[in-house]
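Work out the full structure: start from the sequences and follow the hints.
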Amino acid sequence: MKWEISTLMEHYTDDEFSPPEGAFVDPKAVAYRVMAQAAPQRPKWRPSVRIIAVAAVLAACMTLTAVGWFYRNYRLNAGYDVTFGENTVTYTPNEKGGVISEEDGRLYFIADGQHIDITDEVDEDTPYFYTMTDENHTTYDFVVGGVPGNYGWIERMVTEDGREASTSKNTAGPWDVILDGQRYSYDELTEEQLQQVEELRRGEEGLLETADSRAWVVRAQEVLGWP
Amino acid sequence: VKRVSNLEKGGYHLEDEELVRRLRRGDTAALESFILQYTPYVSAIIARVLKNRKEDWEELTADVFLAVWQNRSKLRAEQLRGYLGTIARNRAFNFRRTLRDALPLEEDVVSLEGDDPQRLVEKKELSLLLQRALDELGERPRELFVRHYYYGQTVADAAEEMGVNLSTAKTWLRRGRETLKIGLEEEGYMA
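In order, the protein sequences belong to chains H and R. Numbering-wise (our numbering), the first sequence opens with residue 1 and increments by one. Numbering-wise (our numbering), the second sequence opens with residue 1001 and increments by one.
Hints are computed from structural coordinates only; laboratory data are not their basis. Each residue gets a CB set at the ideal place from its N, CA and C atoms; glycine is no exception. Be aware that one or more of the hints could be misleading.
Unchecked claim - Derived DSS-like pairs: lysine-lysine, alpha-carbon spacing no greater than 30 Å straight-line:
1. 2/H x 1051/R
2. 2/H x 96/H
3. 169/H x 1054/R
4. 1181/R x 2/H
5. 1051/R x 169/H
6. 96/H x 1181/R
7. 1181/R x 28/H
8. 28/H x 1074/R
Said to hold, decoys possible - The calculated label-pair distances, taken between Cβ atoms and stated as ranges, are:
9. 3/H x 1079/R: 19 to 27 Å
10. 7/H x 1178/R: 39 to 47 Å
11. 1098/R x 105/H: 19 to 27 Å
Unchecked claim - Chain R stretches covered by chain H per the calculated footprint, using a threshold of three residues with CB under 8 Å from any CB of chain H:
12. 1038-1045
13. 1126-1137
See the structure below:
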């Protein structure tokens, strides 16, 4: 039976080489998420039915205002619910939707209820663009590029009041090396070529390496003025 | 009496022994402190495995603490950090698998004898075997092996961060795999 080394390593405990700690996420935001589930608040007294009714109306008004403005839920077509906080954007996978469907070796744009065969409109250099605006005046820009089997996309959402969220798939090019004028993926280098790479690194001429965004992404950035 | 939560106070640091003692008895104030203290550690592991999924770091970090809280009876102060790290690493790997996002790992397969390699785990031999095999590597090759196969860091990223050239890194990984296979063979687990 074949086992992945990475799976075997589930049973290893590392206390030597853990990554340097840093401010990757806000600890307070994590705590609020956990405490909401681990220690739900319970009322300490039981109010009368009338108080409940009045409180419910007041609470509903306040909640609608707060939720409507600060915590309103949005949905990216790519399959994420998006919640904007005051300083945060939270993405929750919802397993619904999608941007591209690959069927019988062809690419179909499927967001916004579409089923458009875009196979002949895209390649590694040429992006496909699609824009939609929903009933809340939120605008969604889509960019698709690549070829069947190696395609990617970007979805960028901008709300009416200017808040942004985006998600993407397969937008980075491979880390390649140029040897004798030819571009190779590091993963495909022979032992001899690896030796050549080492020699070039030591030499004065240096080594040409590249890890750019894919060409269709660069093109889309130019067209749409994205940073 | 108004209870002021640790969050409102900005949190405070508890020693692991005290922290675990309070967590085990279900103290939610200790849970808040625990989260504030260890979020930088847990999120760093998740960020290393899921480098390009920034939008998921916070939720996965929260999942780790919730899992620990739900299994708090198993906590041991002397193993707290390692235990947290293992849960964080495994959660991040599992999440990555659900994305069908292949891990960029080098020759990530070994063939084991028998139909039920799970017996390795049940006998609690596997963690010892891994520890022994990796101890045979020098510190730097071991670090690279752990960065790659444990934390899922690409060879290129790990090599760059360690200041090692890529071909050397690949050689170290190959030796690491061979050492692991020898360890498995000696214990009779290789096919």
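Evaluated hints:
no., hint, in the structure
1, 2/H x 1051/R, "27 Å, holds"
2, 2/H x 96/H, "33 Å, violated"
3, 169/H x 1054/R, "13 Å, holds"
4, 1181/R x 2/H, "12 Å, holds"
5, 1051/R x 169/H, "13 Å, holds"
6, 96/H x 1181/R, "42 Å, violated"
7, 1181/R x 28/H, "44 Å, violated"
8, 28/H x 1074/R, "25 Å, holds"
9, 3/H x 1079/R: 19 to 27 Å, "25 Å, holds"
10, 7/H x 1178/R: 39 to 47 Å, "19 Å, violated"
11, 1098/R x 105/H: 19 to 27 Å, "26 Å, holds"
12, 1038-1045, "holds (count 6)"
13, 1126-1137, "holds (count 5)"
Violated hints, listed in ascending order, are 2, 6, 7 and 10; each of the other numbered hints is respected by the structure.
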